Amino acid sequence: MPRMSADANHRIRFKLNGRMVEADAEPRMLLTDFLRYNLAMTGTHVGCEHGVCGACTIEIDGVPARACLTLAVQADGADIRTIEGLAPAPGRLSVLQEAFRRHHALQCGFCTAGILLSLECYLRDNPSPDEATLRDYLGGHLCRCTGYVTIIAAALDAAERLRDANKDA
Amino acid sequence: MSKAGDKSWIGRSVERIEDLTLLAGRGRYIDDIGVPPGTLHAAILRSPHAHAEIRAINTEAARRARGVVAIITAAEVAKLSASLVVGVKAPIECWPIAVGRVRHVGEPVAVVVAGDRYLAEDALELIEVDYAPLPAIVDPLAALDPQLPPLHEGLSSNIASDRSFRYGDPQREFAEAARKVSVSIRYPRNSCTPIETYGIVAVYDPAEDAYDVLANFPGPFSLHPVMARALKVPGNRLRLRTPPDSGGSFGIKQGVFPYVVLMGVAARVAGRPVKWVEDRLEHLCASVSATNRVTKLEAAVDADGRVRALSFDQIEDVGAHIRAPEPATLYRMHGNLTGAYDIRHVAVRNRVVLTNKTPTGLNRGFGGPQMYYALERLMQRVAVELKLDPIDVIRCNLVPTNAFPYQTASGALLDSGDYTRALDVALADGGFAELKKRRDAARAQGRIYGIGCTAVVEPSVSNMGYITTVLTAEERRRAGAKNGAQATATVAFDPLGAVSVHTASAPQGQGHRTVLAQIVADAFGLAPNDIRTVSEIDTARDAWSIASGNYSSRFAAAVGGAAHLAAMRLKEKLARTAAAQLNVPPAEIEFAGGRVHARGNPDNSISFARLAATSHWSPGVVADDDQALRETVFWTPPELSPPTEADEVNSSLCHGFIFDFCGVEVDRVTGAVRVDKYVTMHDCGRVLHPGMVAGQITGGFAQGIGAALYEEFAYSPDGAFLAGTFADYLLPTSTEVPVPVILHVETPSPFTPLGAKGVGEGNCMSTPVCLANAVTDALGLDAIDLPMTPAKLAAHIHPAEQAPNRARGLS
Amino acid sequence: MKPARFDYLRAGTLAEAHATLAAEGEDARVLAGGQSLVPMLSMRMARPKVLIDIMHLPQLAKIESDVNTIHIGAGVRQAKLLAWPEIHERQPLLAAALPWVGHAQTRSRGTICGSVAHADPSAEIPLVLLALKGAIHLSSRQKQRRVSAIDFFTGMMSTARNDDELIEAVEAPCRAPGHGYAFREFGRRHGDFAIVACAAVAHADGVRLAIGGVADCPAVRDYPDLTGTALDDALDEFAWELDARDDLHATESFRRNLVRQLGRAAIEEARRCRA
Ligand code: FES
Ligand code: FES
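Residue numbers (this note's numbering), protein chains in the order written: chain A, 44 to 212; chain B, 124 to 934; chain C, 707 to 981.
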């Protein structure tokens, strides 16, 4: 890949929620802005732009990542999942999303996309978390509305349901 | 249409209507909404100085920078707008941009409008500002010094308001009381920092001299006239709209309003729509802070712990400007200065000072955290100094159960409550006796463990007139009495008989749409999913009043109540129309399961949708008075009267009650506080949605943990801002927030249509001081200020340091 | 909060990275996980002309180990090292410290070498390398060199790396027989930068203690097998020598006290593990 000049736009391509997407960006463009403005995927939110709040967390190549700490150019060729890719179908929700709904694990919903993506990654590798490790893991996210109690409850509930579903499968 | 159950929807934790959208990432927050073609993006140059004269601003290079369309400085703002109205009688101005001098770090100095935010920020770097730094005033006590030069030319000192009040005969009570107990408090600055920041899209139409602004502004809409006057247009030429979703506010987003003016001017200068989204660094240093306050509070006490009188001396630091609605933080609790207690004699001195810090404004709890920190620390000191049980001190002072509605010494009318029962239930069901055993066992092992408790009255539904208590009775007479709390709701039927609801309360995560659907579904015998609620506000089209907005916990009590009234009005009309069709008296018409039928004869019925559509299709068969298409209700409670000549004010309509207790352990090595157990008892009147009430309590509790242990908008002595990132301003995370035990008793408010009271702010008032009472109990301290950081507490645990014995060492 | 302009080079070979570093010197910055660099770009505290992305060089993405040392390449993310099945066996101190580095959501992208390059005074990885007598492998177009950790961290966010050099890897010794290791940290919240962090290595002749979060860069002392008040005195001495300062999160005296108490706890635990 040749050196990309600061002043020009460059074509960025990656897989987003299972589909190849592409758009142009300057090298300095943050992935948050690229997703939101260039690809119109506004479900990924920006709360701090310095890597602390976790609102922008998405999945890049199978691991949770802060989109605000990532340049769009870095994402070229990556496999990315965002909140828009979680629900199995329009009007339906994933097991984790359903659990959030049941437990009132969101109020304003601004932190929620990041937390859901983070948990999706986590529960895949850790199907039986206990509350303490889950709290430790979610320490990488700020929610100002809920006090976290219902988020933890929803995550534990979702983990159990996912385990049961896997058992049946 | 789905079947409604027999039970009412109110009181059930139904799944939220909002969540399907939000969980799928399809929310429409301000930055997610399409903007008009050609919209430009703004970035703001901000002051690096706490206090400095602006000698010159050179924008030449910035104007030539790529993509730049306009640059706005004080010159343009002063030409095209007027100062924001200030809430005290003093000859001072308040601009949304620094005029002549900067008075706090982060104050806007210039706005660049460019093709995108990146380009706008590039150009910011090319603006040269010649500052002549001036000495900064940071400490509110220093601001009292009459020798220091005033920060605002119109003032003779930095005291913007100084009022004294007397209720009953505090002087006599202090002279006669057995004991006097006092506390001195420095309440710090903090903020509930919503995770979404401010955002605005401003459009100016020169043909009609009108502004159309989309902003995530939650109210109070009393600020709409302030914005309109600043933009020099009548109110009907400032069309203010809000997006459907907002990423939290906790009052803080009220502070977007000066930027509405600033971006309105920017759009006018640029000749194109302008969008601005605040970034987190801007938000932390310059959005809104709660006030910091220095309080000296003294009690005249009988030997048995009965408090006869209180004397407050409050010095309120509103920062660099008195920005509307300040000094409301100081007066919001004015009717409630005696908290949950029956204390008839109160003396108050309130001073408002200006310092070189960010201007203050709404922040969850709004004056409650500051006031209760003093009052409830005081109650604990009464117990300690008189060697009484703190619970007994609280109990013997509580407003008696048979006294409601109870008028406090300073004028609040406590609507309902049974404080003693709530206290007893909390102690029993919350396990207070076991907690004491836990403390004793921990102490026996040499651990540092303490118990705290606190009782709080949580006001909700603010009286629009309370802020005028800052004026003298004479000044109020001249200005005209202000009062009330107009709430509004509209319920409408469409030609298919479907029901829509609209209110002027912009939700910030409180699930308005769900609760309104529950309320209206109950009225019509429908299911919540049958009701469609629109949450945006548009001042050009919707019913609203200055009291509109989502603040002072007014939604459930006032707005939900108005929706209920609107629905009931339509229901009565429908019942009469149905009665004619079903040939029974209107009193025998019942609404259930999507049908309207005669009592005792479900077969004699008509579908709700058909009935609700009648006034569209066949108005001729409906009596004139019973036309039922759309009903807008404005509701204001008569109890919210203006302040009296004697300065008594019923500052809020409803008063919930909270009693909290907790056990904490302080780590001997690190000084860190671990909250071992926290019990919070609430009486918030009738509970409309238990899940949401629990969510409000837990969320407020978490913010209380933050204020108590982690958060401070700290400034250095020279006015530099020290909490400029989320790595410095520490919000509690899931590892810091324990699970509180939540308990309820219910005494419905007699003053609200549904009996509900506000519940969202109470733990921001009760939790910080409850934890402080526990920490002081643990460490045996007389006093502690927030936040209770490990370093602060460890200083009381670690032995005093010996200076190093350098001779012995290597160096 | 948007970065100023820069070029972006996704290095396809090490030589390409070296050449750009040689040509641009301090105007070039190496981009790995970006967890420290990108916020500095967004705040415009770093203003490079070109970013050299080294995350697509497979030779840098390796963890290699023999019985004596572990080599951690510049492309190795913190989460990958933490998940490496041999980490506890090979080097327990690294295993103990890694969970304290940021949060899972940043460890997933942040690299070991990136943290070393950033050299934050309270960062855990530099501290551990110092305690372990680890080393940093630097390379430029001209040469390769190995700098011991003690010589590498030179001050507040400053290191011995020359402008034309790339950190290719860091090296840590494996667990040595008869050695014991311990890590202690205190921060305001879990996942925050340390107010005080301690890494201790106990060996046959004594103990080595490194302290982070207090001075401009991590500091280390070697002690013979001190106990009782002799150890207290030594820790007190160390605490004062670190020149602690007051800041928003802690006072200098609080920091010294934590050095004494956590330092002692770390040493005692390291000794227990040695036994
Ligand atoms: S927006 Fe990325 S972590 Fe806050
Ligand atoms: S739900 Fe509002 S920030 Fe988490």
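Treat the hints as calculated values from the structure; they're not laboratory data.
Worth double-checking, as some hints may not be accurate.
Only pairs whose alpha carbons sit at most 25 Å apart, straight line, appear in this in silico DMTMM-like list of lysine to aspartate or glutamate [unchecked claim]:
1. C/Lys755 with A/Asp119
2. B/Lys130 with C/Glu947
3. C/Lys839 with C/Asp869
4. C/Lys768 with A/Glu174
5. C/Lys786 with A/Asp119
6. C/Lys786 with A/Glu174
7. B/Lys915 with C/Glu943
8. C/Lys755 with B/Glu251
9. B/Lys915 with C/Asp869
10. B/Lys915 with B/Asp799
11. B/Lys915 with C/Asp733
12. C/Lys755 with A/Asp67
13. C/Lys768 with A/Asp67
14. C/Lys786 with A/Asp67
15. A/Lys58 with B/Asp155
16. B/Lys915 with B/Glu869
17. B/Lys605 with B/Glu251
Anything over 12 Å on all C-beta distances counts as not near chain B; from chain A, calculated [as the list claims (entries may be wrong)]:
18. Arg62
19. Gly97
20. Leu185
21. Asp200
22. Glu203
Small disclaimer: the values here were computed from a predicted structure and weren't measured.
Just so you know, even glycine gets a beta-carbon here, dropped at the ideal spot from N, CA and C.
Do the hints match the structure? See the list:
1. C/Lys755 with A/Asp119: holds, 20 Å
2. B/Lys130 with C/Glu947: Roughly 72 Å separates the two Cα atoms, so the pair is violated.
3. C/Lys839 with C/Asp869: holds, 24 Å
4. C/Lys768 with A/Glu174: Cα-Cα ~33 Å, so violated.
5. C/Lys786 with A/Asp119: holds, 21 Å
6. C/Lys786 with A/Glu174: The given pair, whose Cα atoms are some 24 Å apart, holds under the 25 Å limit.
7. B/Lys915 with C/Glu943: holds, 23 Å
8. C/Lys755 with B/Glu251: Holds, at roughly 23 Å.
9. B/Lys915 with C/Asp869: violated, 42 Å
10. B/Lys915 with B/Asp799: Distance of about 20 Å is within 25 Å: holds.
11. B/Lys915 with C/Asp733: Between B/Lys915 and C/Asp733 the Cα gap is close to 43 Å, so the pair fails against 25 Å, i.e. violated.
12. C/Lys755 with A/Asp67: The hint holds at about 20 Å.
13. C/Lys768 with A/Asp67: Violated, at roughly 32 Å.
14. C/Lys786 with A/Asp67: violated, 31 Å
15. A/Lys58 with B/Asp155: holds, 22 Å
16. B/Lys915 with B/Glu869: violated, 40 Å
17. B/Lys605 with B/Glu251: Violated, at about 46 Å.
18. Arg62: About 15 Å separates A/Arg62 from the closest Cβ of chain B, which puts it past 12 Å; holds.
19. Gly97: Its Cβ does come within 12 Å of chain B, the nearest being 9 Å, so this is violated.
20. Leu185: violated, 5 Å
21. Asp200: holds, 14 Å
22. Glu203: At about 18 Å from chain B, A/Glu203 clears the 12 Å cut-off, so the statement holds.
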